[in-house]
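On the provided structure of chain A, position chain B as indicated by the hints.
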Amino acid sequence: MGACAGKHQHLKREAHDKYLPVPIKNHNNNSTNDLIVKFRESQNLDNKNIPRIYRLSYLSRDFDPRSFDFSDELCVHILSYLSLEDRLRLESVCQQWQRLIYRSVRTLDYPLPSRLYSHLDGNYMSDKHWLYVSRQVLRKCHFLTKVRLLDTCDTDVLAVLAKNCHWLESIEWRFHNLLPVRREVLSKLCDNCGNSLTCIRVKELDEQAFNSESGLSVLIVYSEYLLNIRTVSVAIDSDKCLKYFQLFADIYNQRITSLEIRLKFSTFYTQLEDTFASIAQFLNLQSLTITLESEYPLDVELSAGASLLAHCCQNLTALTLELRDHIRCTSGSVLESLQPFRSLTSLSVRIRSPDIELGSLEWLTAMSGLTDLQVLYSGLDDEMFLNIDKYCPLVRRLVLKTRERLSNETLYSVSLLKSLRDLRVYCPPYAIQGITDTGVCHLLNHCQNIRNILLECGVKLTEISFLTLNAWANSRPSRSHRFSFCWQRPPEMADTYDPRARLPAHELWPDLLCLPENLTIVCREYFAGNSEAIVRNGIQRYGRQFTWTDPGVGAGDKRVANRESAQSGQHPPQTPPVYYRFGAFPDVVPHVA
Amino acid sequence: MNGEYSLDTTEGMAASGDPPTNNAVDDYDAEEALERQREEENKIKIKLKSFEGGVYECGLTAAKMSVMVANMLDALQETDLTKIATREPIPLQNDAVTNKALEKIVEWVDHHWDDPPIDPDFDDEKERRNEELSHWDKQFIDIADQGELFDIIAAANFMDIKGLVEVGAKHICNKIKGKSCTEVREMLKIHNDFTPEEEAAIHKENEWIYAKD
Numbered sequence: 001m002g003a004c005a006g007k008h009q010h011l012k013r014e015a016h017d018k019y020l021p022v023p024i025k026n027h028n029n030n031s032t033n034d035l036i037v038k039f040r041e042s043q044n045l046d047n048k049n050i051p052r053i054y055r056l057s058y059l060s061r062d063f064d065p066r067s068f069d070f071s072d073e074l075c076v077h078i079l080s081y082l083s084l085e086d087r088l089r090l091e092s093v094c095q096q097w098q099r100l101i102y103r104s105v106r107t108l109d110y111p112l113p114s115r116l117y118s119h120l121d122g123n124y125m126s127d128k129h130w131l132y133v134s135r136q137v138l139r140k141c142h143f144l145t146k147v148r149l150l151d152t153c154d155t156d157v158l159a160v161l162a163k164n165c166h167w168l169e170s171i172e173w174r175f176h177n178l179l180p181v182r183r184e185v186l187s188k189l190c191d192n193c194g195n196s197l198t199c200i201r202v203k204e205l206d207e208q209a210f211n212s213e214s215g216l217s218v219l220i221v222y223s224e225y226l227l228n229i230r231t232v233s234v235a236i237d238s239d240k241c242l243k244y245f246q247l248f249a250d251i252y253n254q255r256i257t258s259l260e261i262r263l264k265f266s267t268f269y270t271q272l273e274d275t276f277a278s279i280a281q282f283l284n285l286q287s288l289t290i291t292l293e294s295e296y297p298l299d300v301e302l303s304a305g306a307s308l309l310a311h312c313c314q315n316l317t318a319l320t321l322e323l324r325d326h327i328r329c330t331s332g333s334v335l336e337s338l339q340p341f342r343s344l345t346s347l348s349v350r351i352r353s354p355d356i357e358l359g360s361l362e363w364l365t366a367m368s369g370l371t372d373l374q375v376l377y378s379g380l381d382d383e384m385f386l387n388i389d390k391y392c393p394l395v396r397r398l399v400l401k402t403r404e405r406l407s408n409e410t411l412y413s414v415s416l417l418k419s420l421r422d423l424r425v426y427c428p429p430y431a432i433q434g435i436t437d438t439g440v441c442h443l444l445n446h447c448q449n450i451r452n453i454l455l456e457c458g459v460k461l462t463e464i465s466f467l468t469l470n471a472w473a474n475s476r477p478s479r480s481h482r483f484s485f486c487w488q489r490p491p492e493m494a495d496t497y498d499p500r501a502r503l504p505a506h507e508l509w510p511d512l513l514c515l516p517e518n519l520t521i522v523c524r525e526y527f528a529g530n531s532e533a534i535v536r537n538g539i540q541r542y543g544r545q546f547t548w549t550d551p552g553v554g555a556g557d558k559r560v561a562n563r564e565s566a567q568s569g570q571h572p573p574q575t576p577p578v579y580y581r582f583g584a585f586p587d588v589v590p591h592v593a
Numbered sequence: 001m002n003g004e005y006s007l008d009t010t011e012g013m014a015a016s017g018d019p020p021t022n023n024a025v026d027d028y029d030a031e032e033a034l035e036r037q038r039e040e041e042n043k044i045k046i047k048l049k050s051f052e053g054g055v056y057e058c059g060l061t062a063a064k065m066s067v068m069v070a071n072m073l074d075a076l077q078e079t080d081l082t083k084i085a086t087r088e089p090i091p092l093q094n095d096a097v098t099n100k101a102l103e104k105i106v107e108w109v110d111h112h113w114d115d116p117p118i119d120p121d122f123d124d125e126k127e128r129r130n131e132e133l134s135h136w137d138k139q140f141i142d143i144a145d146q147g148e149l150f151d152i153i154a155a156a157n158f159m160d161i162k163g164l165v166e167v168g169a170k171h172i173c174n175k176i177k178g179k180s181c182t183e184v185r186e187m188l189k190i191h192n193d194f195t196p197e198e199e200a201a202i203h204k205e206n207e208w209i210y211a212k213d
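Chains A and B, in that order, are what the protein sequence lines are. At position 261 of the first sequence the residue is numbered 261 (the working numbering), and the sequence of numbers has no breaks. At position 212 of the second sequence the residue is numbered 212 (the working numbering), and the sequence of numbers has no breaks.
Next up, chain A with everything else stripped away, as it sits in the complex:
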């Protein structure tokens, strides 16, 4: 028995090592079939590469055909569906698994899946445990390409990362408090994976420590190593480290195609023009995200900056602009000042300040190729969307977030967009909007290309909508369709159903249980049994998107106080909203988002 096992092992290893080019077994008379000859010619394959052996039991009768004896390639693929926890536990199954089981782990994200912590003692979500777990994981997973690190990540973790992972493509971390020892580790990191790194995100800093010249300085110091960087995300205090930014722009202006930049102005005297001029140096930009914020009320002249950028960055097709509190526009509305960007295909505007005017969508006419439009603005209303099909007829994805009440009128206007494929509307939660069956059916009947509708707002629907949804999906069996909405139980039902219990949507609409295979409906009840505090919390959370308040002096303390009081139990615990998902399969499971 022992000898036999030894033989197995030997054969197995040898076969694996050679990656298995094996002669064709010739018990097939048609092996010279013209089809195969032609195929090989067309694919430029010689006999060496084809066929391959996928299981060792084909090689030798010694192997039990019922045993797991896949080739390395296939083994990696099969094991790639395991969770990290299972991988760690099953590493010692056999030598092949030990070699391969971590090979398909490509991302390390913060936070790690909580199951990994659950075996550790104490308060298992603490940073200390994250550091411990990630050190263990990094030691094993050598093929990571994308990592997102905890802010307080220590030199040890970085050292392990630098030592083991040579294929990193993207790294997201706050480069701050550079200690001398870190520099060593960083240079090793850059040395090992400088060539493969294409994306560095210096995470947004919290407001107290808004001082990231250290992040920029990493990029500047190691610029010789980071030759393939394409995407950079930084947050800088534009007044304090403009010099650094200019230097950074001088070095990287040819390499970077995608730039995310968060600019903060902390003094009255700002050099906005200079900052825009530095951004305009990045000639190859394709995608740009700018966030502007200020500690003091600040008037911004957007249109001059916009003309400059549009003139210099000819390849720019995607633009995201976010304006936060204390920023005010002097030169008309936001959309008007964005007019010079004529070649944009994707535009996202987020206005998180009450003093700024968005402007009419008519200004978008200049961007004739616009296919992706996302707007976050508290004052969006039905009237704004009148004639939207004339202003941006090619839009395929439309995302709207507002604090106003929207009604069927909006859906009527939007349904004139012939290429629309994806519509998402967000309104304040726990309030029923003026959207009903009529609007939804109109949209479904008029937009032939639409396949994803998300109404994250209170909607009144009846069976009519579900019938239309069924017809919508059935008219295009080869397409996946998705519809999501929120609802509130009608008051007349209060007697029939317990108001303190959640009501699964299919009890109200039995149609949901027999949907076509290509239709998924996701819904959420604005649950009457929720405590007032939860409702208020939800509304506040939503509202906060539109007024970003400066957490300057005092506010920081308040936040800490909030956290403490939440821990001591004064605030109700946050219960995540419950979504029900209905699809072709009969198992209806609530999904917690």
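There may be inaccurate statements among the hints.
[As the list claims (entries may be wrong)] Derived pair list, reagent style BS3-like, types lysine-lysine, alpha-carbon separation capped at 30 Å:
{"hint": "1", "chain 1": "B", "residue 1": "177", "chain 2": "B", "residue 2": "204"}
{"hint": "2", "chain 1": "B", "residue 1": "162", "chain 2": "B", "residue 2": "47"}
{"hint": "3", "chain 1": "B", "residue 1": "204", "chain 2": "A", "residue 2": "146"}
{"hint": "4", "chain 1": "B", "residue 1": "204", "chain 2": "A", "residue 2": "128"}
{"hint": "5", "chain 1": "A", "residue 1": "128", "chain 2": "A", "residue 2": "146"}
{"hint": "6", "chain 1": "B", "residue 1": "162", "chain 2": "A", "residue 2": "163"}
{"hint": "7", "chain 1": "A", "residue 1": "140", "chain 2": "B", "residue 2": "47"}
{"hint": "8", "chain 1": "B", "residue 1": "175", "chain 2": "A", "residue 2": "128"}
{"hint": "9", "chain 1": "B", "residue 1": "189", "chain 2": "A", "residue 2": "146"}
{"hint": "10", "chain 1": "A", "residue 1": "163", "chain 2": "A", "residue 2": "128"}
{"hint": "11", "chain 1": "A", "residue 1": "140", "chain 2": "B", "residue 2": "189"}
{"hint": "12", "chain 1": "B", "residue 1": "47", "chain 2": "A", "residue 2": "146"}
FYI, nobody ran anything at the bench for these hints, they're computed from the structure.
Using the frame of chain A, we list chain B on its own:
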């Protein structure tokens, strides 16, 4: 799932990678025509021949789910599709393609040929990886004979049918999820080729994951 429905500040507003391309099949009519063509083509039956010599019949569109078969047919440069139907069976030259395996594979592609194509605009690989198998797939892949199951996976991999390999891989991973090494070895009939010392060393390294069971 998570991101899409959360009400967080920027979720759902983030720029979604590449801007959608306009040259994808967008037109309602063009798409319908393509669909009808696929349907027509699937009425043409072609024959596939296993390594053991068994011949199985299968719709053309369904057979093309195998990238390998599709490539072979492309190499023929046959414009008249009906001729393909009458020609001799397409041989599948790999040990994995046994009669039983090919029979099951044909069953799978015949059920799945009209699946909606993956839409690059909405596709989320992470979500797809975590998605459960459908009811039909679960019943399909629940095969008593483990050797046959492994043959199907190997054959699907050879024929380059991504969906089926995924179904098989997910099935195996579901079975070994949460099990111990000994149980997995027993279940998958894997020979333990570690010395006791080696195994103990690995176990010690990963001790923290077992610590509080």
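Status of the hints after comparison with the structure:
1. Proximity of residue 177 of chain B to residue 204 of chain B is assessed by CA-CA distance (about 21 Å); at most 30 Å being required, the pair is judged to hold.
2. Under the criterion of a C-alpha separation no larger than 30 Å, the hint pairing residue 162 of chain B with residue 47 of chain B is consistent with the structure, at around 21 Å.
3. A C-alpha spacing of about 28 Å is found between residue 204 of chain B and residue 146 of chain A, which places the hinted pair at or below 30 Å, so the restraint holds.
4. Distance hint between residue 204 of chain B and residue 128 of chain A is fulfilled; the C-alpha atoms sit about 20 Å from each other, no more than 30 Å.
5. For the given pair, residue 128 of chain A sits about 22 Å from residue 146 of chain A by alpha-carbon distance, which is consistent with the 30 Å threshold.
6. Only pairs whose Cα atoms come within 30 Å are accepted, and residue 162 of chain B paired with residue 163 of chain A is rejected, the gap being roughly 34 Å.
7. Annotation: proposed proximity of residue 140 of chain A to residue 47 of chain B is violated, straight-line Cα distance about 46 Å (limit 30 Å).
8. With a C-alpha separation of about 33 Å, the suggested pairing of residue 175 of chain B with residue 128 of chain A is violated against the 30 Å cut-off.
9. Of the pairs offered as hints, the one joining residue 189 of chain B and residue 146 of chain A is violated, with about 35 Å between alpha carbons and a cut-off of 30 Å exceeded.
10. Only pairs whose Cα atoms come within 30 Å are accepted, and residue 163 of chain A paired with residue 128 of chain A is accepted, the gap being roughly 21 Å.
11. Restraint check for residue 140 of chain A and residue 189 of chain B: satisfied, since their Cα atoms lie roughly 25 Å apart, inside the 30 Å limit.
12. Distance check on the hinted pair: residue 47 of chain B and residue 146 of chain A sit about 45 Å apart at the alpha-carbon level, beyond 30 Å; violated.
Of the numbered hints stated above, those contradicted by the structure are hints 6, 7, 8, 9 and 12, listed in ascending order.
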